[in-house]
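The listed protein sequences correspond, in order, to chains A and B.
Going by the working numbering, the first residue of the first sequence is number 1, and it counts up by one from there.
Going by the working numbering, the first residue of the second sequence is number 1, and it counts up by one from there.
Hints are not guaranteed to be accurate.
[Unchecked claim] Covered, in the sense of this in silico footprint (three residues per stretch, anywhere, with C-beta under 8 Å from a C-beta of chain A), are these stretches of chain B:
1. 238-245
2. 276-282
3. 654-662
[Said to hold, decoys possible] From the derived model, a few chain B residues whose C-beta atoms are all more than 10 Å from chain A:
4. F67
5. F146
6. E192
7. G422
8. N548
9. R561
10. M669
These aren't lab readings, by the way, just hints derived from the structure by calculation.
We treat Cβ as the ideally placed atom computed from N, Cα and C, and that holds for glycine.
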Amino acid sequence: MSDTKETTGLSRRQFLKGSGAAAAATALGTAAAPGALAAQAPAAQPVPGMGPAGVKITLQVNGRKMSSTVEPRVTLLDALRNYLDVTGCKRVCDRGTCGACTVLLDNKPVYACSMLALEAQGKEIRTAESLVQGAKLDAVPAAFVRFDAQQCGFCTPGFVVAMKAVLEQNPKATPAEVEKGLAGNICRCGTYEQMRDAIYSLCNTKRGS
Amino acid sequence: MPWPTTRRVIGTKVSRLDGPEKATGRAKYSYDINRPGMLHARILRSHYAHARIKNIDTSALEKVPGFRAFHIIKNAGAECRFAGDEVLAVCADTEEHAEDCLRAVRVDYDELPHAVKEADARRLVAGQGTLGGANNPANTQAGGDFATANFDAQAYQGTSHQIEGTYGAPVISHQCLESHGLVAEWNQDQSELTVWASTQAVPNTANQLAQNFKIPAARVRCITHYMGGGFGSKFGPDIQGTVCAELARKTRAPVKLMLDRAEEVTVGGQRPSAYGTVKVAGNRQGDIRAFEVDCYGSPGVGGGATVNFNLLPYVYVTVPFIKRRHQIVRMNVQTARAMRAPGHPQNCILTDQALDDLAAAVGINPIEMRLRNLPPNDPNALKTAPNTYMARRNSIYRSQIEIIRKMCDWDRVWHPPGRGDGVVKTGLGMALHTWGGGGRGPNPTRITISADGSVLVQSSSQDLGTGQRTVAAIVTAEIFGLEPTDITVQIGESQHGPSTPSGGSTTCPGTAPAILRACEATRAAFLAAIAPRLNNAQVDDLVIERGNILNRANNERTPWRQACARLGQNPVQATGDWAAGLSDQGVGGVQVAEVKVDTETGVVRCTRFWAVQDCGLVINKLCCESQVAGGVIMGVNYALFEECIYDRATGRQVNPDMEFYKLGGIQDMPQIYVHMMDMPERGVIGIGEPPTISTAAAVGNAVFNAIGVRVEQAPFTPERVLAALARRK
Ligand code: FES
Ligand code: FES
Chain A
1 MSDTKETTGL
11 SRRQFLKGSG
21 AAAAATALGT
31 AAAPGALAAQ
41 APAAQPVPGM
51 GPAGVKITLQ
61 VNGRKMSSTV
71 EPRVTLLDAL
81 RNYLDVTGCK
91 RVCDRGTCGA
101 CTVLLDNKPV
111 YACSMLALEA
121 QGKEIRTAES
131 LVQGAKLDAV
141 PAAFVRFDAQ
151 QCGFCTPGFV
161 VAMKAVLEQN
171 PKATPAEVEK
181 GLAGNICRCG
191 TYEQMRDAIY
201 SLCNTKRGS
Chain B
1 MPWPTTRRVI
11 GTKVSRLDGP
21 EKATGRAKYS
31 YDINRPGMLH
41 ARILRSHYAH
51 ARIKNIDTSA
61 LEKVPGFRAF
71 HIIKNAGAEC
81 RFAGDEVLAV
91 CADTEEHAED
101 CLRAVRVDYD
111 ELPHAVKEAD
121 ARRLVAGQGT
131 LGGANNPANT
141 QAGGDFATAN
151 FDAQAYQGTS
161 HQIEGTYGAP
171 VISHQCLESH
181 GLVAEWNQDQ
191 SELTVWASTQ
201 AVPNTANQLA
211 QNFKIPAARV
221 RCITHYMGGG
231 FGSKFGPDIQ
241 GTVCAELARK
251 TRAPVKLMLD
261 RAEEVTVGGQ
271 RPSAYGTVKV
281 AGNRQGDIRA
291 FEVDCYGSPG
301 VGGGATVNFN
311 LLPYVYVTVP
321 FIKRRHQIVR
331 MNVQTARAMR
341 APGHPQNCIL
351 TDQALDDLAA
361 AVGINPIEMR
371 LRNLPPNDPN
381 ALKTAPNTYM
391 ARRNSIYRSQ
401 IEIIRKMCDW
411 DRVWHPPGRG
421 DGVVKTGLGM
431 ALHTWGGGGR
441 GPNPTRITIS
451 ADGSVLVQSS
461 SQDLGTGQRT
471 VAAIVTAEIF
481 GLEPTDITVQ
491 IGESQHGPST
501 PSGGSTTCPG
511 TAPAILRACE
521 ATRAAFLAAI
531 APRLNNAQVD
541 DLVIERGNIL
551 NRANNERTPW
561 RQACARLGQN
571 PVQATGDWAA
581 GLSDQGVGGV
591 QVAEVKVDTE
601 TGVVRCTRFW
611 AVQDCGLVIN
621 KLCCESQVAG
631 GVIMGVNYAL
641 FEECIYDRAT
651 GRQVNPDMEF
661 YKLGGIQDMP
671 QIYVHMMDMP
681 ERGVIGIGEP
691 PTISTAAAVG
701 NAVFNAIGVR
711 VEQAPFTPER
721 VLAALARRK
């Protein structure tokens with residue numbers, strides 16, 4: 001674990017300490033020794049223990065507050081899909097390699113399978129479902145549709161969200177930069193070629209042959 | 001009614017009707033179904049590749065929070081024959097609790113010997129086998145033995161050049177992004193079952209469940225509105241389907257059971273391996289006289305061929321002297337399932353790479369080699385069925401080769417093998433493929449036209465991602481003078497009647513004719529119904545043109561909606577089914593890969609790729625091209641990245657995931673140039689499978705062309721490339 005400043009309300013370290021630190025740390029295979037863990041933990045302010053029973057959480061999803069009771073071990077992805085019925089983010093690898101679960105967390109793309117739901121509280125979560133208002137499609141999913149950058153479509157919401165993130169952060173992104181932003185996503189049907197058509201159109205660039 | 005000769009919508013580029021739903025995550029796949037009060041199920045599996053269950057202790061389950069029910073799949077005494085084999089299933093109120101339940105069950109096993117490598121399994125003779133059953137039969141069995149008459153005496157007569165090489169590819173996984181699984185729910189008195197299953201065969205899945213639970217087929221409903229990939233691995237409820245429905249019955253609650261990724265990779269399907277030693281001999285001009293192959297592969301613990309035995313050599317089936325032998329090597333991994341053109345990619349790897357090696361030995365251009373050895377057009381077929389692959393195969397491949405030769409600038413870019421400059425060497429490689437495809441029935445399709453002008457198309461057929469929903473809308477829009485977006489399509493529900501499973505590239509050719517015939521029947525009924533209400537028009541005078549009904553007798557046009565309004569309270573409905581003459585089978589295709597091989601690191605990048613595909617009448621140009629590009633990408637993965645790696649000691653797969661089981665991302669994939677060689681006169685032909693067949697062999701040939709030495713086994717990883725380069729020195 002690095003010492004970079006934690007930005008979530010409840011740091012992973014505090015969480016571990018609060019929930020029976022040392023044993024949990026070893027079980028998870030983390031390198032830090034119990035002593036080091038204790039030494040680095042902020043003084044005072046004990047963190048209340050949580051779980052294993054469910055705790056009430058509130059998530060801000062696509063502009064709506066949604067609440068449920070989940071065990072602390074529940075990932076953001078599972079909270080969205082199993083407890084809040086927000087299923088645009090898909091569970092495929094469930095360990096941070098395929099990108100199908102990509103959501104925007106305070107405008108940053110994250111793998112929802114690799115984060116606890118508790119940690120996402122107080123943040124603005126956006127999924128692919130937010131990219132349509134009534135019948136009006138956002139430009140990114142619209143380009144996927146127009147150029148047929150989807151077949152079975154199971155990977156697609158993840159790609160759409162990842163691409164949206166790149167273009168929001170840099171509206172002038174080049175096609176190569178957008179492709180780089182999609183490097184953490186996998187499509188089994190093989191829609192990359194059509195995706196490139198979508199990317200070039202979104203970047204207002206003509207695709208050379 | 002034949003296919004219309006002038007086509008306004010058919011054959012154009014039409015965006016998928018369900019595209020917006022899917023791209024914004026609103027489409028509900030089976031995995032996304034959440035029912036009120038739904039429970040979650042998980043399966044406990046053997047960690048051993050081969051073991052006998054001694055004892056199953058479920059006593060601790062009752063104490064697990066949220067536990068609801070369990071179901072034993074294999075009892076004590078039964079054998080588990082691969083790591084991942086099902087033992088028992090549990091269900092609980094949440095997925096988390098279901099996981100806890102798995103940990104609470106204790107199963108004791110007696111470990112038995114296993115084999116998970118082909119080489120190991122091949123050594124095991126009768127009495128030593130690891131497949132279980134009485135007397136431990138050998139793990140191997142004959143898969144075919146054939147030789148042209150007088151092969152030994154005559155095959156090599158007069159040949160000047162001969163090569164012998166080994167080629168092959170390992171077991172790979174389908175890796176469907178939506179795993180196998182379903183949600184099962186019974187009605188109140190448990191007389192009816194509804195499942196939302198991820199399947200390529202909607203009515204089959206319902207029927208099999210009906211059989212398993214001994215209830216009338218009409219009482220089981222299978223719904224598959226959206227489906228996250230199958231590639232040949234999802235044709236029925238599977239064990240998890242039956243178990244899930246059983247747990248739902250026991251608990252009187254809806255139950256969801258989706259495989260996790262490790263399960264998906266270890267039990268959700270595999271493409272069998274194929275390895276072979278190939279000898280090819282020919283004369284100075286490159287005419288092949290003898291082709292000899294001795295190959296083996298593993299379909300896992302079950303049986304089944306791993307190549308298409310009768311199509312060896314592949315494509316070049318008229319080589320005068322052929323000898324082939326195949327051995328099926330069973331080992332303790334999951335049983336193979338059909339995967340996108342079963343046997344063909346393996347056949348292509350064993351044939352087309354050897355062909356290039358002979359071309360190099362003879363010293364001729366591989367294109368020349370292919371043109372000389374293409375099978376001739378079949379004279380009998382020319383007489384009886386002049387539009388078929390058999391009748392036209394030589395002409396088809398010849399023209400495809402000429403097209404691709406120009407597309408990729410072959411004559412300028414290709415160089416003799418290994419002649420490239422610099423550290424990073426560029427190479428071009430070609431391979432050819434063929435596939436049957438072809439449609440059949442039953443695929444009854446029902447069309448309803450209502451007074452508000454809406455048109456509804458219904459069938460039970462499923463959309464795997466091929467664009468089936470849009471196919472129905474395109475054909476219907478064409479006939480009724482409408483736009484595809486005007487059509488409502490309801491598919492993927494077993495209640496709509498029978499339909500053929502989506503396997504073998506048969507869905508479009510199986511359903512499009514049915515849709516056309518349903519349109520024909522509905523149009524006749526519709527015109528008959530409105531004629532009296534259109535100033536007593538004669539039915540024969542009425543034609544449907546774009547947006548209007550035209551009365552040719554007086555040139556009066558009635559807009560579609562107004563005409564439909566005359567139907568009043570009586571919608572018009574008719575059905576149609578598949579009939580011969582509107583679809584066809586048998587295609588050929590040619591592909592060329594360009595690779596760049598870094599001779600210092602061994603890394604192969606596929607940079608550009610060309611695919612020319614014969615395809616009959618195209619319904620949706622957009623999705624058709626997507627299919628071809630997608631097939632190529634799957635083939636590039638096969639060539640460069642994919643391999644199920646099994647550990648000899650534990651018998652378990654070490655990469656049942658997506659991090660060490662590699663699949664390429666967008667930056668790993670070539671720019672792809674697709675040319676559809678459509679032949680509308682042949683009717684509709686499925687092309688889901690063909691474009692993935694020859695890709696790996698084309699990449700292999702390109703690597704050979706780049707570095708001048710054959711990398712024997714796919715995937716062509718840096719390690720294997722460097723080993724091959726070392727051999728050359
Ligand atoms: S499911 Fe989260 S990255 Fe694959
Ligand atoms: S469209 Fe099927 S996995 Fe990407």
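Results of checking the hints against the structure:
no.	hint	in the structure
1	238-245	violated (count 0)
2	276-282	violated (count 0)
3	654-662	holds (count 3)
4	F67	15 Å, holds
5	F146	35 Å, holds
6	E192	24 Å, holds
7	G422	23 Å, holds
8	N548	27 Å, holds
9	R561	20 Å, holds
10	M669	5 Å, violated
Figure legend: structure checked against the earlier numbered hints; hints not met, in rising order: 1, 2 and 10.
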